[in-house]
Amino acid sequence: MSASPTISGTKAAKPNRESRGSASADPHVEVGLTDAEATRVREIVGREPNRLEWAMFGAMWSEHCAYKHSRKLLRRLPSAGPGVAVGPGENAGAVDLGDGLLCVFKVESHNHPSAVEPFQGAATGVGGILRDVFAMGARPVAVLNALFFGPPDDARVRRTVSGVVGGISVYGNCVGIPDVAGHVSFEPCFAENPLVNAMCVGFVERERLRTSTGAKPGSAVYLVGSDTGRDGIAGASLLASFELGAGDDRKRPSVQVGNPFVEKLLLEATLELVAVDAIEAVQDLGAAGLTCASSEVAAKSGVGMRIDVGRVPRRARGMTALEVMLSESQERMLVVAHGDTTLALLPPRALADDAPEYDVTQWASSEPATGPTLPRIGGLSLGGSSDDMAQGDQALRETARPSTSGASPLQKIGLELLELLASPAVASRRTLYRSFDSMVGTDTVLGPGADAAVLRIKGRPDGIAVAIDAQPRVAAIDPFAGAALAVAEATRNLVCVGATPLAITDCLNLGNPERPRGAYDLEQTVDGIRAACDALGVPVVSGNVSLYNATRGVDIWPTATIGAVGRLADVARHIPATTGRPGDLVLLAGNALVSLGTSAYGAARGIHEGPVSLDLAAEARLQRFVLAAHAAGAVRAAHDRSDGGLGVALAELAIRDGVGMKVTLPAVRGLDKRVTLFGEGPSGVVLVVDPAREAELRALAEREQVAVWTLGTIGGDLLEVAPVLGMPVASLVRAHGGGLAAALGRAD
Amino acid sequence: MTRVAILRYPGTWSERDFQHALSLVEGIATEIVWHAECDLRGFDAAIVPGGFSYGDYLRAGAIAKLSPGTKELRRFADEGGAVLGSCNGFQILCEAGLLPGALVRNASLEYRCDWIHVRIESDRTPFTTGLRRQVLRMPIGHGEGRWVADPDTLAAVEAAGQVVFRYTDAAGAATADANPNGALANIAGVSNRAGNVVGLMPHPERCAEALLGGTDGYRIIANLAKAPHGTAAAVYR
Amino acid sequence: MPRFVARVLIRPKAEIRDPQGEAISGALRSLGHEIADVRTGKEILVSFDAADERAARDEAARMGDELLANPVIESYAVEVEAVRTEAHA
Amino acid sequence: MPRFVARVLIRPKAEIRDPQGEAISGALRSLGHEIADVRTGKEILVSFDAADERAARDEAARMGDELLANPVIESYAVEVEAVRTEAHA
Ligand SMILES: Nc1ncnc2c1ncn2[C@@H]1O[C@H](COP(=O)(O)OP(=O)(O)O)[C@@H](O)[C@H]1O
Ligand SMILES: [Mg+2]
Chain F
1 MSASPTISGT
11 KAAKPNRESR
21 GSASADPHVE
31 VGLTDAEATR
41 VREIVGREPN
51 RLEWAMFGAM
61 WSEHCAYKHS
71 RKLLRRLPSA
81 GPGVAVGPGE
91 NAGAVDLGDG
101 LLCVFKVESH
111 NHPSAVEPFQ
121 GAATGVGGIL
131 RDVFAMGARP
141 VAVLNALFFG
151 PPDDARVRRT
161 VSGVVGGISV
171 YGNCVGIPDV
181 AGHVSFEPCF
191 AENPLVNAMC
201 VGFVERERLR
211 TSTGAKPGSA
221 VYLVGSDTGR
231 DGIAGASLLA
241 SFELGAGDDR
251 KRPSVQVGNP
261 FVEKLLLEAT
271 LELVAVDAIE
281 AVQDLGAAGL
291 TCASSEVAAK
301 SGVGMRIDVG
311 RVPRRARGMT
321 ALEVMLSESQ
331 ERMLVVAHGD
341 TTLALLPPRA
351 LADDAPEYDV
361 TQWASSEPAT
371 GPTLPRIGGL
381 SLGGSSDDMA
391 QGDQALRETA
401 RPSTSGASPL
411 QKIGLELLEL
421 LASPAVASRR
431 TLYRSFDSMV
441 GTDTVLGPGA
451 DAAVLRIKGR
461 PDGIAVAIDA
471 QPRVAAIDPF
481 AGAALAVAEA
491 TRNLVCVGAT
501 PLAITDCLNL
511 GNPERPRGAY
521 DLEQTVDGIR
531 AACDALGVPV
541 VSGNVSLYNA
551 TRGVDIWPTA
561 TIGAVGRLAD
571 VARHIPATTG
581 RPGDLVLLAG
591 NALVSLGTSA
601 YGAARGIHEG
611 PVSLDLAAEA
621 RLQRFVLAAH
631 AAGAVRAAHD
641 RSDGGLGVAL
651 AELAIRDGVG
661 MKVTLPAVRG
671 LDKRVTLFGE
681 GPSGVVLVVD
691 PAREAELRAL
701 AEREQVAVWT
711 LGTIGGDLLE
721 VAPVLGMPVA
731 SLVRAHGGGL
741 AAALGRAD
Chain G
1 MTRVAILRYP
11 GTWSERDFQH
21 ALSLVEGIAT
31 EIVWHAECDL
41 RGFDAAIVPG
51 GFSYGDYLRA
61 GAIAKLSPGT
71 KELRRFADEG
81 GAVLGSCNGF
91 QILCEAGLLP
101 GALVRNASLE
111 YRCDWIHVRI
121 ESDRTPFTTG
131 LRRQVLRMPI
141 GHGEGRWVAD
151 PDTLAAVEAA
161 GQVVFRYTDA
171 AGAATADANP
181 NGALANIAGV
191 SNRAGNVVGL
201 MPHPERCAEA
211 LLGGTDGYRI
221 IANLAKAPHG
231 TAAAVYR
Chain R
1 MPRFVARVLI
11 RPKAEIRDPQ
21 GEAISGALRS
31 LGHEIADVRT
41 GKEILVSFDA
51 ADERAARDEA
61 ARMGDELLAN
71 PVIESYAVEV
81 EAVRTEAHA
Chain H
1 MPRFVARVLI
11 RPKAEIRDPQ
21 GEAISGALRS
31 LGHEIADVRT
41 GKEILVSFDA
51 ADERAARDEA
61 ARMGDELLAN
71 PVIESYAVEV
81 EAVRTEAHA
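Residue numbers (the numbering used here), protein chains in the order written: chain F, 1 to 748; chain G, 1 to 237; chain R, 1 to 89; chain H, 1 to 89.
Be a bit skeptical, because a hint or two may be false.
Think about it this way: if two alpha-carbon atoms lie no more than 20 Å apart in a straight line, the pair counts; the simulated PhoX-like pairs of lysine-lysine are [as the list claims (entries may be wrong)]:
1. Lys42/R with Lys13/H
2. Lys13/R with Lys13/H
3. Lys13/R with Lys42/H
4. Lys673/F with Lys412/F
Source of the hints: derived by calculation from the structure; they are not laboratory data.
Between the sequences and the hints, there should be enough to build the whole structure, so can you do that?
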């Protein structure tokens with residue numbers, strides 16, 4: 001990487017982006033540092049750094065590793081709470097499930113690598129997030145994914161979809177971690193810049209929790225896992241720190257190829273090392289490889305580390321120290337073991353004797369840093385400089401993006417419902433997720449297709465629920481509301497299976513933060529998450545930021561992906577993903593004031609406009625009410641009203657068991673019937689309840705000040721929504737089930 | 001107590017799932033056995049679970065057949081021990097020549113995770129006693145589950161009653177739609193001639209509890225508690 | 001037009017990691033074969049009619065570019081052979 | 001000993017359906033290529049030292065029998081080539 005692109009920092013010291021790639025003699029410019037940063041580096045090192053040192057600082061202070069643009073903002077997110085065991089800053093966050101068990105989780109992006117090579121990009125994205133979780137000593141129990149593509153009628157998009165889905169499938173299935181839930185959006189802004197966000201959830205007993213802190217002087221440092229090759233030299237750190245542009249191909253690092261089999265070995269080896277209590281500190285190797293992992297462990301543990309680069313096992317011949325230190329080869333873990341741990345104590349079965357290709361190798365020992373020859377490179381904690389680099393607070397007032405509202409000629413509403421059910425925004429994602437193993441591990445009580453996935457915990461009565469969501473269509477109009485509503489939807493999805501939300505993880509996918517618009521979106525997104533977290537009482541325990549998602553200077557819609565984790569005291573008493581029984585009552589609870597502005601129905605008709613309504617206090621009341629109703633034992637089924645509005649929510653409820661219902665549209669003052677049926681808005685849940693309990697439920701609702709409409713009853717084989725439609729459930733099943741495969745041109 | 005060994009290769013991932021499912025059956029004691037140090041003496045049955053034994057590179061199960069564990073498995077099977085291979089276990093048993101045919105890439109070219117139905121065609125195995133003609137609902141999770149064989153082998157396997165499981169619809173009809181991977185003659189599982197070695201693509205361990213959506217797998221593994229101790233050979237040969 | 005079979009060999013580029021090759025190496029070594037290295041690729045045999053060998057080669061190269069190889073991580077090579085066509089349906 | 005590269009080509013037997021070949025056929029046709037048929041196989045390139053070409057060929061055939069091909073479904077062919085060995089470590 002000789003002519004690396006530069007990164008701009010503070011306004012004052014901003015190098016001209018046009019100078020990117022031009023030959024420059026300045027070593028710091030080559031590694032993407034500004035003049036101000038270079039001065040800081042010289043101060044820290046106390047002399048003129050050598051080439052390797054410049055490269056290491058360049059990688060560590062890249063946008064991807066140093067969070068230059070987002071660090072200060074991220075501090076606004078609430079991260080404390082009674083249940084939080086590990087907050088942001090570690091490989092993953094954790095919440096306490098009680099009785100000594102922690103639930104560890106995090107979401108991460110692999111957007112740029114997936115744009116370059118969808119299959120390998122998505123596969124290595126899964127690999128990376130798994131490592132983040134088992135680096136904490138936790139056994140991964142579930143993977144979730146949130147995917148954002150362009151419209152599916154484009155051949156390139158279809159290739160991207162099948163590459164990404166194939167990569168997730170091959171990697172996750174081979175390691176044997178179930179993929180239990182996800183989210184897929186199809187919007188034009190993602191056509192050339194797809195987003196691939198993966199989340200992993202794991203369990204660990206409190207005393208087995210490991211972190212990257214705790215390395216002690218004199219302890220041995222091991223590199224465990226794959227050999228180090230030339231793949232992806234500084235790939236993630238550079239690739240993810242700029243916009244993808246034409247003509248940069250030459251500069252792209254070679255594509256990293258994942259090996260899920262080695263990941264499985266590495267997973268078992270790491271957990272066995274934890275089990276024999278050999279580990280002082282552990283850190284997976286991700287962006288900026290050994291440079292980042294070693295400096296983070298050293299910085300967080302407050303010790304120096306001496307690395308003999310010559311002892312790192314390599315896959316390629318003639319690698320330089322710089323290449324070894326910056327390689328992003330997959331499936332590697334840095335482990336600091338107790339001084340008295342010998343190689344013999346490392347579990348031989350998981351790595352050494354089975355797969356001689358994948359050796360456990362001791363390659364250095366850590367010592368207290370001495371002398372000026374060893375610069376201390378602190379990961380996120382270094383230098384205090386990146387705070388100052390956060391972009392200024394441009395006071396932009398957002399106006400709605402232009403919309404072209406011209407409703408298509410009136411059609412029969414029933415046909416419109418079928419069309420909507422089959423549309424990419426709404427249709428079942430089964431054609432994609434059925435290539436993910438969702439049942440391995442035998443803990444999946446509810447898998448993909450439900451409002452949230454439910455996992456039991458063997459040997460315990462309780463369980464967890466997990467969901468992942470995003471609201472790019474809303475965020476395009478109002479990034480604050482889009483982010484807040486993503487938190488609301490993810491937690492509401494947990495509530496719809498009967499789980500109490502505990503905490504969230506967030507992945508901020510945004511455009512170029514150097515442009516005023518991007519900076520504004522970033523700040524609004526963070527503030528939206530904060531507002532929703534405060535209102536709903538859920539902290540943020542981990543997360544990830546992906547910037548520079550843009551195509552030819554046009555940013556993607558700001559997209560906050562929110563992964564939420566909740567708890568069920570008795571997992572057997574979750575709300576099942578059924579239609580309910582004939583005779584059961586169908587209710588709508590919450591907010592009935594919906595609109596077509598950011599709806600899937602509107603989008604298909606060229607309508608995309610504000611304002612977006614948002615009442616987070618009402619959302620909190622709705623969630624409390626649904627949980628109270630479930631606790632009272634009155635809820636037979638529940639479904640979140642989301643894409644496609646009430647009409648789709650009712651249809652999806654009927655589709656579950658193939659049982660119909662007879663309901664009447666709620667009368668909402670000022671709303672046209674089509675808007676009532678297809679309009680979208682936050683804070684609505686359809687409940688199916690035992691008719692004998694209606695009065696009790698209404699009392700509960702009144703206590704929480706939640707509005708409830710009784711819509712009708714379950715039964716028959718038609719979805720009848722008076723006075724607008726009556727459709728056979730079988731045709732709904734076909735439209736919803738086959739729509740996406742048809743749109744993608746996949747055999748089904 | 002029936003003593004059941006659960007084999008673990010480096011990339012196996014269903015071993016703990018099987019151990020948990022078998023813990024629900026009265027009268028069964030299980031042990032997870034590492035393939036490289038595998039000694040099956042003293043066990044009544046062996047399970048070869050699902051997973052990606054060696055990453056499934058080259059062909060699923062191809063590299064695993066070289067393991068000492070597979071050699072020991074062959075000895076155990078020859079002496080009449082009951083052996084059940086599920087998913088990757090079935091692939092390994094076929095690669096090792098312990099079962100007829102081979103498992104190749106699904107006709108869809110994709111991994112499939114789903115619930116399917118199988119009809120039990122033979123009760124001449126320690127795992128299907130009393131289940132003949134029953135239609136069971138079980139999960140699958142595989143990318144290389146299409147059972148194939150040359151026409152002579154297929155005819156011989158059918159004639160000898162070695163087809164143990166066949167993909168069907170819920171009513172028990174072996175239709176093309178009910179076949180999730182394009183397997184020849186809808187074959188989901190076969191046995192060796194003696195009947196003591198059985199392989200199937202579905203996952204009985206994933207449906208042994210109502211909480212997980214079904215209990216038909218329990219009916220298969222529960223049979224192990226009734227397996228004649230150490231003398232399966234005499235009964236099934 | 002005569003019938004040709006194009007053999008399109010698709011291989012991961014030299015600098016791209018080949019986990020399948022690594023796994024096969026390990027297995028061959030465990031069988032006692034002292035090998036230096038294993039790389040794996042795909043072979044795609046396409047039969048079609050073309051005016052002559054040159055045309056067949058061009059056509060096969062177009063298939064390689066348009067579909068068969070992923071240029072980000074793979075390279076391909078084409079070999080073309082004429083086949084006797086007594087009975088091609 | 002000189003270094004050889006054995007190219008082991010593994011093909012599914014003719015009577016085994018090749019869905020991947022079928023899928024590629026379909027895709028090539030939809031791109032406008034008028035093709036008759038597509039079959040897919042695997043190429044495995046193994047580098048190793050051997051006394052001479054004959055020994056190399058025998059060694060490669062053993063690898064084919066022991067591991068690389070499954071005779072139930074596949075057949076294989078071996079081609080061997082000597083390589084210049086300025087610097088094989
Ligand atoms: N990429 C995916 N992988 C796995 N499951 C998915 C994926 N996308 C969607 N799903 C599942 O499909 C169902 C519907 O998804 P979605 O429409 O996003 O739900 P919601 O409206 O509740 O957000 C959910 O159960 C979700 O978990
Ligand atoms: Mg969603």
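Which earlier hints turn out false for this structure, listed by number in ascending order? 2
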